[in-house]
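Take the given structure of chain A and dock chain B to it, following the hints.
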Amino acid sequence: MRPSRLSLVTALAAVAALTTVTACAEKSDAGGDGAIEVIATDTSCEVSKKEFPAGHLQLAVENKGSKVTEVYVLFPDDRIVTERENIGAGTKANITAEIKAGDYEIACKPGMRGKGIRQQVKATGGGKTVQRDPALDAAVAAYRQYTLEQAEETLPKAKVFAQAVKAGDIEAAKRAYADSRIGWERTEPVAESFGDIDPKVDLRADGLEEGQDPETDWTGWHRLEKSLWEDKKITPRDKELADLLITDLTVWQKKVGTAEITPTSMANGAKELLDEVATGKVTGEEERYSHTDLVDFKANVEGAEKSYTLLKPVASKNDAALTGELDTQFAALNTLLDKYRADKTSYVFTSYDKVGKAERKELSDAVNALAEPLSKLAAAVVK
Amino acid sequence: MGDTTHSDEPADTTGGTRAPSRRSVIGWGGAGLALGAAVAGGTAVALRGPDGTESAGSAGAAVPFHGAHQAGIATAVPDRLHFAAFDVTAKDRAGLIQLLKDWTAAAALMTEGRAVGEGAFGGLPEAPPDDTGEAVGLRPSRLTLTIGFGPSLFTAEGDRFGLAGRRPDALVDLPKFPGDNLDPARSGGDLCVQACADDPQVAVHAIRNLARIGFGRIAIRWSQLGFGKTSSTTPDAQTPRNLFGFKDGTRNVAGTDTAALDRHVWVSPGAGPDWMAGGSYLVARRIAMRIETWDRTSLKEQEDVFGRDKGEGAAVGKAKEHDEPFLKSMLPTSHVRLAHPDSNGGARMLRRGYSYTDGTDGLGRLDAGLFFLAYQHDVREAFIPVQRALSRADALNEYIQHVGSAVFAVPPGVRDKDDWWGRELFS
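Protein sequences appear in the order of chains A and B.
The numbering of the first sequence is the numbering used here, which starts it at 1 and goes up by one.
The numbering of the second sequence is the numbering used here, which starts it at 1 and goes up by one.
One chain only, chain A, in its complex shape (with noise of 0.2 Å):
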């Protein structure tokens, strides 16, 4: 984790401007003045209207399937209007929105699974419409996409590392580590964008303040690597952070999906990603304990490249140079990081300490000459 990510606070202060929206659920039954209908069921989501004044939005739902359904009001990149979870089979709800003009979806997901099914809905006047490129809206949704896919199979893996935690069992803690932070490395600027989450979950020991107890005050994934690996121990305390892992990794999962997103934080997000890898994982500083630097390193570099992919359409045609350079970096680097792996297949990398100078330099150079393309996609994205 590193404190600050201004790019991403600059796109949040974009977004902010372009669509100032409140939002809340409120329980109460459905219906009311001007509300629109939505009829979810198993297999549909009707919506009984699908153009309306922009302004106060008000959607009277219910529930006639059999599932368990939530409904989303989102934006055209999938960014979360607002939304309503947890509406049991032949319940009712209401939501309710402040929206301004423009295209909008809503979204039933019976099971409160998966994409959902999607309306196209549209607020008209009330101002106007701020200009969208399809293409570019694409890349934000598959995106928020991604880092949903990367926070739901975190979990799983996280609650592993938990229960051998609890179970007292360190080689089985040890063995489960460095695979439940794939998932948070890959997604990690937006997973920081979430201020409150990333202290609670990767602090490293030297990011402490001052007054702040490591006994009490630190917490989350590297204060159990130090258990595991320096100290050798599991303690009760231990256990008690391995529970809180998994609900601080819970509450980040459930924000994943209202994250601000634009195609500027992605690209800035992919050169971040780059930046974690020069600051932490070249130096050996993220994994001092364990030393599994390298998988950090990889799923860094993994997250980047799906950013830069998703953009890539929108980018080689303001800069093909450009995607022509990143494409022989990108793969510059995965081919050098496979040396440090058997099987290209397996996140088992050599152990960092045992990565002498030289090639560490040698990664460090394959990073810079990525990383200084990789700082030039935001403006290709833009132009």
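Facing chain A, according to a computed beta carbon distance under 7 Å, are these residues of chain B, among others:
id, residue
1, L124
2, E126
3, A127
4, P128
5, F215
6, G216
7, A219
Hints are computed from structural coordinates only; laboratory data are not their basis.
Remember, it's a predicted structure, so these values are computed and weren't measured experimentally.
Where a beta carbon is used, it is the ideal one built from N, C-alpha and C, also for glycine.
Below, chain B alone, put in the same frame as chain A:
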């Protein structure tokens, strides 16, 4: 170097889109000839003040980038150095050529005191600026950027760049000398760039921006900062002192001595491959000094070691620094006697080394020394025989250790704005 008479007109700080930033303050100081900053040879800058007097080579001014020889060799030696050696990571010849073209364009801008690319600010807010910005508002500071090609660029095995057949015979790998304790991580390199400037920030800015432009095609292998010159090419100026406190480079090749330059420094046409005509060969040696030990050495021994007195710098038995030394009056192991051209078949080098201090060594001692830089027409006739003699017998060896080493073929100058570093090598 005094710089008291320069205009204090503030620099144009726009820094963006190729605005003449640092350049706007060059040399308009009237009779602004800074004392001690003498004209430094045929390639030195000759700027005219309003009254027509030449205020050449003044600290802070620009040194022309283009010319028959690269600047940074015979031109005046400013007090600050950032020297970097690079490994080329470009996969092929085309990539290397493009790098050299990109570097040349950036070097031409920076030596004029301009920002690289589209400037340091004012561009797209989503993109990092082309220029890193720390030199905005600073003067050109006599920045010179000098490139060299190391032996490994011409390696026959694999012949990455199709250059194996073009390696000059004179670009030899230096032999091992007695006492060498070379760190491979501070030695060698496919390319080097020597950045000399009056302002250290200008020199560091130049290396930093060239490295940044090159990422993906080069990786920095090692680099060295120098904080004070130990030799000058301007004999009328006060001779600088090294960290042992002695004047250094009293008899250095002067930037104005074209006969000596042609004989000892520049590669003559026909003396090697055509692409090196007008170029030179550079030896770089990081020489660690055992500072604390030296400081406890008696004055007599210090003077015996060098063969000159510490105050005036006069040779043994002589009154003045520039009096011709009588070598036989010096101890046979004295540094000046062993290094003197008369002891080495007339061999001379143009030295422009720098003192360095990279903090302390963890044992409570300065990590300091001399970053030796010497240009010559052929290392086989100059540095190698001289260093052989020194490494065997020099009394100074008790107080120094060579810890880094590199040798480079330095191509001739970039002639004009259509030319680029090393073009002849690739043509």
